[in-house]
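Chain by chain, the residues:
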Amino acid sequence: MSNSAVDAHKPHVAHEVHHEELGFLRKYVFSTDHKVIGIQYAVTGLLFLFFGFSLMMLMRWQLAYPGAALPLIGGLFGETRMPGGVMNPDFYNELGAMHGTIMVFLGVVPLAVGGFGNFVLPLQIGAQDMAFPRLNMASYQFFFLGGVIMLASFFLPGGAAQSGWTSYVPLAIINPGQTAWLVGMVFLITSSLLGAVNFITTTIQLRAKGLTFMRFPFFVWAQFVTAFLLLLAFPPLEAAAILQLMDRLAGTSFFMPAGLVVSGQIVHNAGGGNPLLWQHLFWFLAHPEVYVLILPAMGIVAEIVANNTRKPLWGYRSMVYSVVFLGFMSFIVWAHHMFMTGMGTTMAAFFQTTTMIISIPSVVILTALVLSLWGASIRLNTPMLFALAFLPMFGIGGLTGLPLAFNIADIPLHDTYYVIGHFHYVVAPGTIFALFAGVYYWYPKATGRRMNETLGKIHFLGSFICMNVVFMPMFLVGLAGVSRRLYDGGATYAFAAPVLHWNAVSSWGAWIMALFQIPFIINFFWSIKKGEKVGDNPWDATTIEWAAPSPPPHGNFAVAPEAYRGPYEYSVPGAAKDFVPQHEA
Amino acid sequence: MDIPYTVEVRRDTGLTNGKIGIWLFLASEVMLFGALFASYILIRTGAADWPRGDTILNVPLATFNTIVLITSSVTMVMAWASLMRNQFGKFRLYMGSTVLLGGVFLVVKYFEYSHKFHEGLLPSSNNFLAIYFTLTGLHMLHVIGGMTVNAYFLGPGAKQWKTNPTWFANRVEHSGLFWHFVDLVWIFLFPTLYLL
Amino acid sequence: MSEHAASAPGHDAADIDRHVKVYITVFVTLMVLTIVTVAISRFHLPVPMAIAVAMLVATIKGSLVACYFMHLISEKKLIYAVLGLTVAFFIALLFLPILTVHNGYWMRG
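Residue numbers (my numbering), protein chains in the order written: chain A, 213 to 797; chain B, 4 to 199; chain C, 8 to 116.
Same shape as in the complex, but just chain A (with noise of 0.2 angstroms):
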């Protein structure tokens, strides 16, 4: 789709050496340009949201309608998983956990990380590729491989893991589907690490001739900050892994206790094993993780605001300290995770005093993105609704995780549908809506072609009116004391039963969300051959990736380019046009 590969053809860039035209595995599978590499992922990460999204429309199903058959497709999913159409609750857990673990590992981050990451960051610091451009293409050889694995998980004996993405023990040791949701994490944790030293590297030492630290432009130093929360996060839930596999295949204990009894059974063990331990090392990476979740949203929507109000963005410096300072923050909240496993009271006021000061960054970022919006000539395009959309929905999302970081707030909402609620706000309203955009905003300079605007602010208003259909009820059902992961939706609860209703109501949401991304997906393979053509900067931006051709070229510039200013000179009094593009003498 993209032809951003080696052109033997093009005039002679400055340090370039002739290249011998590749042939297509070595073009578009095994490449170490890392816009194939961004495409890659991109592409895969799409895909791989959109089956999560499937797993979760057969979940609502039941939710909304619990212990009916699936009319038409109920008979697909086999007599085992869905005897007479009727969903099994395994079965249920199943689509659960994976929903869950590839929505977030093989969705979310690898298309904000892997995909715009990969994509845009060394084009925007002027860079010709990576720092190291073949370990960009093992790190998404590692990701495929993670996927495919999760993939094929469903297809083992005891199907895919069912003990929530959060792979709480003992449970999930004695259950089916662990093993392969255990070794698929392992390579996914080493796709992101290799990534990580990548990001980092290229960022500190390729960047531009006079594009110092605080002229980056705001997404740079969101996927900076990911990437070290990243290289240093994922590394526990890496050992976590290899001790659950211990305890799951070489019959250790590191997270069984003794005395255990399983079905009846008394499980032989040598006991000794702590169940808080898995939790402590899976939340250390976790947290940090919902970080790396939004922080490249939060840059994909800075570039984007800043682009569609032709001004500065509002408090650049508070935003890259904010940003710093979040990430350092989040490796020290995570037992907000945990406040209800019998910690003390010294300890869990610990974590819910660091869990109040890292809403400030939080605070301080999206403050200075609405302030941005103050006196500005805004364009309405798709990527800015997106844009706009994700302000309050993030706000949403941020505010209703304050009363979970509050220890006693947190102990009748804790595992409810509130916190479902919660963070899917932040994550689907909020990440999924930035990255829409992003995929909107860029789509002309991977492929030198337009998206169709009418198809994508029809994407834009269904979505938006359905993620609220869908996840504003949970905060009533939350509240209501209904608990999350229940294969009836609370239905055998008496204290549910004024609230069951609106099972129905976010399913019926879900559904017709669907509905709404079909303009997208014909809109994204329509637009490759049919856009609008568009030069280097369609949407006259500021940052240097607009310098370079649409789709660029194997090295990207003809000439390294060198910033002269600021990311964001929009209408600067006395210049020639409404913006003065950073590498522009």
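Because the hints were derived from the structure by calculation, they are not lab data. None of these values were measured; they are calculated from a predicted model. For each residue, glycine too, the CB sits at the ideal point set by N, CA and C. Accuracy of the hints is not assured; some may be wrong.
To be verified - Covered by chain A, according to a simulated footprint, are these stretches of chain B (three or more residues, beta-carbon under 8 angstroms):
(1) 21 to 30
(2) 36 to 43
(3) 46 to 55
(4) 103 to 112
(5) 122 to 135
Stated by the list, open to error - Computed from the model, here is a short list of chain A residues facing chain B with C-beta under 10 angstroms:
(6) Gln340
(7) Pro345
(8) Leu347
(9) Leu406
(10) Thr413
(11) Leu442
(12) Leu449
(13) Ile454
(14) Asp459
(15) Leu488
(16) Leu493
(17) Phe540
As the list claims (entries may be wrong) - Simulated crosslink set (DSS-like; lysine-lysine; CA at most 30 angstroms straight-line):
(18) B:Lys162 <-> A:Lys239
(19) A:Lys789 <-> A:Lys421
(20) A:Lys742 <-> A:Lys239
(21) A:Lys741 <-> A:Lys239
(22) C:Lys83 <-> B:Lys93
(23) C:Lys28 <-> C:Lys84
(24) C:Lys83 <-> C:Lys28
(25) B:Lys119 <-> B:Lys162
(26) A:Lys523 <-> A:Lys421
(27) B:Lys162 <-> C:Lys84
(28) B:Lys112 <-> B:Lys93
(29) A:Lys745 <-> A:Lys789
(30) C:Lys28 <-> A:Lys421
(31) B:Lys165 <-> B:Lys93
(32) A:Lys523 <-> A:Lys669
(33) B:Lys165 <-> C:Lys28
(34) A:Lys523 <-> A:Lys789
(35) A:Lys745 <-> A:Lys669
(36) C:Lys83 <-> A:Lys421
(37) A:Lys745 <-> A:Lys239
(38) B:Lys165 <-> C:Lys83
Based on the hints, put chains B and C in the right spot on chain A.
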């Protein structure tokens, strides 16, 4: 396309890409082994009783292994120093010794492990053994990885000395940093598991 | 025609000679400290003291390897910054979990 700062340093950071890359990777390894040490702490403090290392494990053998690994660290850094002195022959000697000593380490570990298995002492027997096998097992994988890279620089990779000696020396230095890190982990593993 | 020589700034022949002297000194020190730590372990000190002493010796040995074999003593600020960050998080990872477990009212060890 030539990626800049592969061989020469970037002026403001004073570093090559590879140097930064390897240190970043080592930082992630610190967190990996750190998590396992944290696990050790949690499991040991939660245990009713915990055997002293020397009651189960072979301290003389492990002391020997510690000496072997530290020596291999010296030969590794001498291998790099030889390149800096333009003494390729000495490089081969020292690098060869490093790989050899790594092999000795592995052989000793093989004897340790097989002796334990022979006595019916498995990872599943108790948590002391579980963490022992896991920590030393992961460490061993790192030894093998380091040896493989070093063997590459001794063998097929050595061609690069003729075409780009500075890049070759840098890569040997980076491999050395990894090898020293493996030694460093053992320096902490040895007393923790065997002596405490 | 070209001389096969590796070049690195700040590493001329005299420099390397100095480095090599340091390597040998560190090697001998490491050997001695290894003997020391094994010897001390024979005294079967009470566990908390044994841990403190063993970790102290290990830290000294580790620091020698890091500073001199890994040349950390003369590294650039950027590397120090990355490692400083790593150490901070390493300490959090090592100590916060055990503090939460021991602060819990039902898990007093």
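Verification of the supplied hints:
1. Using a Cβ-Cβ cut-off of 8 angstroms, 5 residues of the segment 21 to 30 of chain B lie near chain A, which meets the minimum of three, so the contact claim holds.
2. For the segment 36 to 43 of chain B, the stated coverage by chain A is satisfied: 6 residues place a CB nearer than 8 angstroms to a CB of that chain, which reaches the threshold of 3.
3. Coverage of the segment 46 to 55 of chain B by chain A holds [criterion: at least 3 residues with CB-CB distance below 8 angstroms; count 4].
4. Counting residues of the segment 103 to 112 of chain B whose CB falls under 8 angstroms from any CB of chain A gives 0; the rule of at least 3 is not met.
5. Residues of the segment 122 to 135 of chain B lying with their CB closer than 8 angstroms to a CB of chain A number 8, which satisfies the three-residue condition for coverage.
6. The beta carbon of Gln340 of chain A is positioned within 10 angstroms of a beta carbon in chain B (closest approach about 5 angstroms), and the interface hint is therefore held.
7. For Pro345 of chain A, the interface hint holds, since its Cβ comes within 10 angstroms of a Cβ in chain B; the closest pair sits about 7 angstroms apart.
8. Look at Leu347 of chain A: its Cβ gets to within about 8 angstroms of chain B, closer than 10 angstroms, so that hint holds up.
9. For Leu406 of chain A, the interface hint holds, since its Cβ comes within 10 angstroms of a Cβ in chain B; the closest pair sits about 9 angstroms apart.
10. Taking 10 angstroms as the C-beta cut-off, the interface hint given for Thr413 of chain A holds, the closest approach to chain B being about 5 angstroms.
11. Hint on Leu442 of chain A holds. Least Cβ distance to chain B is approximately 9 angstroms, under the 10 angstroms limit.
12. Given the 10 angstroms rule on beta carbons, the hint for Leu449 of chain A holds: about 8 angstroms separates it from the nearest Cβ of chain B.
13. Restraint check, Ile454 of chain A versus chain B: the minimum CB separation of about 7 angstroms is within 10 angstroms; hint holds.
14. Nearest Cβ of chain B to the Cβ of Asp459 of chain A: about 9 angstroms, under the 10 angstroms cut. The hint holds.
15. Proximity of Leu488 of chain A to chain B holds as hinted, the smallest CB-CB distance being about 8 angstroms (cut-off 10 angstroms).
16. Look at Leu493 of chain A: its Cβ gets to within about 6 angstroms of chain B, closer than 10 angstroms, so that hint holds up.
17. Evaluation of the Phe540 of chain A hint against chain B yields a violated restraint, the C-beta minimum of about 14 angstroms exceeding 10 angstroms.
18. Restraint check for Lys162 of chain B and Lys239 of chain A: the C-alpha separation of about 27 angstroms stays at or below 30 angstroms, so the hint holds.
19. Our distance criterion of 30 angstroms between C-alpha atoms is met by Lys789 of chain A and Lys421 of chain A, whose separation comes to about 24 angstroms.
20. Of the pairs offered as hints, the one joining Lys742 of chain A and Lys239 of chain A holds, with about 23 angstroms between alpha carbons and a cut-off of 30 angstroms not exceeded.
21. Straight-line distance between C-alpha atoms of Lys741 of chain A and Lys239 of chain A comes to about 20 angstroms, which keeps the hinted pair within the 30 angstroms bound.
22. Proposed proximity of Lys83 of chain C and Lys93 of chain B is supported: the alpha carbons are some 29 angstroms apart, at most 30 angstroms.
23. With a CA separation close to 25 angstroms, the supplied pair Lys28 of chain C and Lys84 of chain C stays within the 30 angstroms bound.
24. Taking the CA atoms of Lys83 of chain C and Lys28 of chain C, the gap is near 22 angstroms; set against the 30 angstroms cutoff, the hint holds.
25. At roughly 43 angstroms between alpha-carbon atoms, Lys119 of chain B and Lys162 of chain B are farther apart than 30 angstroms, so this suggested pair is violated.
26. With a C-alpha separation of about 24 angstroms, the suggested pair Lys523 of chain A and Lys421 of chain A falls inside the 30 angstroms cut-off, and the hint holds.
27. With a CA separation close to 33 angstroms, the supplied pair Lys162 of chain B and Lys84 of chain C exceeds the 30 angstroms bound.
28. For the proposed pair Lys112 of chain B and Lys93 of chain B, the alpha carbon gap of about 29 angstroms is at most 30 angstroms, so the pair holds.
29. A distance of roughly 22 angstroms separates the Cα atoms of Lys745 of chain A and Lys789 of chain A; the hinted pair therefore holds under the 30 angstroms criterion.
30. Among the hinted pairs, Lys28 of chain C with Lys421 of chain A is inconsistent with the structure: their alpha-carbon atoms are about 40 angstroms apart, more than 30 angstroms.
31. As the CA atoms of Lys165 of chain B and Lys93 of chain B are separated by approximately 16 angstroms, the hinted pair is consistent with the 30 angstroms bound.
32. Proximity of Lys523 of chain A to Lys669 of chain A is assessed by CA-CA distance (about 24 angstroms); at most 30 angstroms being required, the pair is judged to hold.
33. Proximity of Lys165 of chain B to Lys28 of chain C is assessed by CA-CA distance (about 28 angstroms); at most 30 angstroms being required, the pair is judged to hold.
34. With a CA separation close to 13 angstroms, the supplied pair Lys523 of chain A and Lys789 of chain A stays within the 30 angstroms bound.
35. Pair hint Lys745 of chain A plus Lys669 of chain A holds up; C-alpha atoms about 19 angstroms apart against a cutoff of 30 angstroms.
36. Restraint check for Lys83 of chain C and Lys421 of chain A: the C-alpha separation of about 21 angstroms stays at or below 30 angstroms, so the hint holds.
37. Distance restraint check for Lys745 of chain A and Lys239 of chain A: the Cα-Cα separation of roughly 23 angstroms lies within the 30 angstroms cut-off, and the hinted pair is therefore satisfied.
38. A threshold of 30 angstroms between alpha carbons decides the hint, and for Lys165 of chain B with Lys83 of chain C the separation of about 29 angstroms falls inside it, so the pair holds.
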